[in-house]
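Undergrad: Listed below, chain by chain, are the residues.
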Amino acid sequence: MPSKVSITVNGKAVTADVEPRTLLVNFIRERLRLTGTHVGCDTAQCGACTIHMNGRAVKACNVLAQQAEGADIVTIEGLAKADGTLHPMQEAFRENHGLQCGFCTPGMVMSAVEFVKTNPNPSEREIREALDGNMCRCTGYQNIVKAIQAGAAAMR
Amino acid sequence: MGNMNLIGASVKRKEDYRFLTGAGQYTDDVVFPNQTYAVFVRSPHAHAHVRSIKKDAALQAPGVVAVFSGEDTGAIGGLPCGWLIHSMDGQPMKEPPHPILAKGTARHVGDPVAVVIAESYAQARDAAELLEVDYDVLPSVVDVRDAVKPGAPAVHDIAPDNRCYTWGHGDKVAVEKAFAAAHHVTKLEFANNRLIPNAIEPRAANALYNRADDSYTLYVANQNPHVERLLMTAFVLGLPEHKVRVVAPDVGGGFGSKIFLYAEDVVLTWASKQVNRPIKWTAERSESFMSDAHGRDHHTVAELAMDKDGNFLAMRVKTLANLGAYLSTFASSVPTILYATLLAGQYKTPAIYAEVVGTFTNTVPVDAYRGAGRPEATYVVERLVETAARDMKLDPVEIRRRNFIRTFPYATPVGLTYDTGDYEKTLDAAVKMADVGGFPARKEEAKKRGKLRGIGYSCYIEACGLAPSNIAGALGARAGLFEAGEVRVHPTGKVTIFTGSHSHGQGHETTFAQVVADRLGIGIEDVDIQHGDTGKILFGMGTYGSRSLAVGGTAIVKAVDKVINKGKKIAAHLMEAAETDIEFRDGFFQVAGTDKKKAFAEIALTAYVPHNYPLDKLEPGLNENAFYDPTNFTYPAGSYVCEVEVDPDTGVTQVMSFVAVDDFGNVVNPMIVEGQVQGGLAQGIGQALLEGCRYDAESGQLLTGTYQDYCMPRADDLPNFRIGTEVTPCTHNPLGVKGCGEAGAIGSPPSVINAITDAIGVRDVAMPATPETVWRAMHAGA
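Going down the list, the protein sequences come from chains E and U.
Residue 35 in my numbering is what sits at position 35 of the first sequence, and the numbering runs on without skipping anything.
Residue 644 in my numbering is what sits at position 644 of the second sequence, and the numbering runs on without skipping anything.
In isolation and in its complexed conformation, chain E is listed as follows (with noise of 0.2 angstroms):
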């Protein structure tokens, strides 16, 4: 049965009725329209749906909306500044070419800013194996990985 589910998501707070099987990512795209969280595979594997739920970053797709209740999401919307400004982060992606379909692109900004909180002066293989849970079908990484030591440095 469907049941009501309050949630904060990018500063605004939500309450809603969804089924108990809806997933958080389709929660995101379909009821709120905030369609930047992509979905890539079914399995939890590509990381195009990351979000920040209370601060973690956490793959949209691998939790149910009914589990969010009460939680904090920010989506790539909510990431830049109100008047346009780019998080460093995001910055740091357009400055070093780390994307070009675009379409990981959000789930590898969200993880990346919740990683560099976690370790400000990463070295390149850690970025490497940081990212294993986000993949990128176009760029070969180079740039992400140059992306993310800026985008850090830029965070510190």
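Simulated from the structure, these hints should not be mistaken for laboratory data.
From a predicted model like this one, the values you see are computed outputs, not experimental measurements.
Don't take each hint at face value.
[As the list claims (entries may be wrong)] Straight-line distance between alpha carbons at most 25 angstroms, and here's what the computed BS3-like set of lysine-lysine pairs gives:
1) Lys12(U) with Lys146(E)
2) Lys14(U) with Lys81(E)
3) Lys273(U) with Lys103(U)
4) Lys117(E) with Lys12(E)
5) Lys569(U) with Lys558(U)
6) Lys146(E) with Lys14(U)
7) Lys12(U) with Lys81(E)
8) Lys569(U) with Lys536(U)
9) Lys494(U) with Lys597(U)
Model the placement of chain U on the given structure of chain E, informed by the hints.
TA: What follows is chain U alone, placed relative to chain E:
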């Protein structure tokens, strides 16, 4: 004004802001009012008669709008194949029907059998579970070597031996003669492993029918919306082309897999009229694995004949190419026209002969995937050349130098004429950048750590911008291969470009804007690029085969030049000078030898406010278009050097160093070009080390149907690539560009395998060279 340094500048991409903020609009992001959702029911069997489909329970399920199966699609034609290949005996290839929903027989796991349309995805999924499909399972065949054996299960009645065609190319007699006289013949037999493209955005479509004017709109994740529309309207649905608009909005990667007209796109378009509602479908990843066209899958025997000095005398190649269960849009051309014509590589081998058997199997259709035929050809040539060097006790660099083509234009014995190149220069640069001289010391040092270090080379050539149309037509192409562009100058001098090329990661919105801004001498921020919508763009052949800048960019340049020519007429009138005296430079129309000049924006305004204007001779407005049909392919080439270390205890291979030096002709945006190379290398190294599609030989089941089973390259699988560029400008397009999209995926696989075989001292290792494969190769015969 004036942007004289735009060509060759690493301008940051215009498209990035929307992608970085979640504002990109991909097909699945589009929702129409009154939207319905489709789920396809697919064959779980590799080969089966569909005895019956009971729809009642599904139709009565909550929210279900309609259920269609093959029998409902009546007279709708099958999906066409865009390239006709003839067998050696002159017979046209076998073209079995490719129904949009299986009619009577399903021929691969994932073959769509029915579609369920409902108010929500969840309801469509629930109802799909209730559809009762009764299958009669038939024997199946998935491996090309099995498919051509006598008595193999026939995939199609019209091809009882599973051969679509047996195609020959080159001078067989000359090759036999050269082999008979050869000092040494190097022979290899190997597979080019089957790959699954895996763009991270799954395929998706959303079809809308409008009763008011009997028109359709199809949003689809596709690389060439006009081609999609043409094939769908003229060859499948019989709809009037002007009543169908195809939009390919932001597309999340293609790599070839989104070139093709797929059954789902047609089903949705057709069904949107039947239900009079918009219908959306987005593939789940597991559907992508079993329905996106796969790539490669060759089995080849290749031989190279040499004289005593290691000069190449002739090459002989026999390939079994897996085409899958049906002919996908360009399937027939990939292992023929795009493969055997590249077997000369960078070498002056005087005689080459190739024979290719296009083979049907009970697998997903195989078609173009990044490189399409050219990676397979490069693998043949560069594995042979490196092995020949070892056979002849020659340095692999030296044997290449000895055989390089050095004079241009050069007509190969396999039908291409290379316009320009300098293969020694790219090889020299790669050898230097890779510090090949220091390799023995690195090998020694690795040995102390218990690792086996090896070095491998690859010197690839590719042919991009498939052309010209008339020659392609003579070779069997059923489409034109030009590109179209339109330049719309606004009254204020701002410019919107409409291009038939399609960007799905390549950064056209930036590169094309650089080209136009440079040519018009205006700011890059004054130029916008529009693409991917048949409702906006005059026409287009789309983006594949690294053709966009060379062909699409040239079409834009030609249209820009028409704008400049018209501008000169307007300027001549305004400045009361002869048109022949007007020069256009740095954004100004100037009377030669004087300081009289008018800015581009002034001329634009005059064209739209034609008060002082030669209306008797010239139409107002400033809007031009051009179609460009190239006179030849372009021929990017490069040299790659790979160093690996193999752990002899585990067989684990690590790429320690990878150097790529490419000649793409002139480079407009080095940052974007490097990014393309890096991505291509990742896919090529993925093919060499990680990726391999597997089917179970008995059941025909797809064994690698998820990301847990199909090993995609991840960040920690790859090194940092070192990339260099050498430039010999293309001689036959005004930009002097050749194309860079596929090079990395074409050139890298043989360099990796050459490095591994060097490291462990064996003749061959199969791709993907997984730890198990490498370990077994090391211990074979032990």
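Undergrad: Each hint: holds or not?
TA: Hint-by-hint comparison with the structure:
{"no.": "1", "hint": "Lys12(U) with Lys146(E)", "result": "holds, 15 angstroms"}
{"no.": "2", "hint": "Lys14(U) with Lys81(E)", "result": "holds, 19 angstroms"}
{"no.": "3", "hint": "Lys273(U) with Lys103(U)", "result": "holds, 21 angstroms"}
{"no.": "4", "hint": "Lys117(E) with Lys12(E)", "result": "holds, 23 angstroms"}
{"no.": "5", "hint": "Lys569(U) with Lys558(U)", "result": "holds, 17 angstroms"}
{"no.": "6", "hint": "Lys146(E) with Lys14(U)", "result": "holds, 20 angstroms"}
{"no.": "7", "hint": "Lys12(U) with Lys81(E)", "result": "holds, 21 angstroms"}
{"no.": "8", "hint": "Lys569(U) with Lys536(U)", "result": "violated, 28 angstroms"}
{"no.": "9", "hint": "Lys494(U) with Lys597(U)", "result": "holds, 19 angstroms"}
Hint 8 from the list above is the single one not met by this structure.
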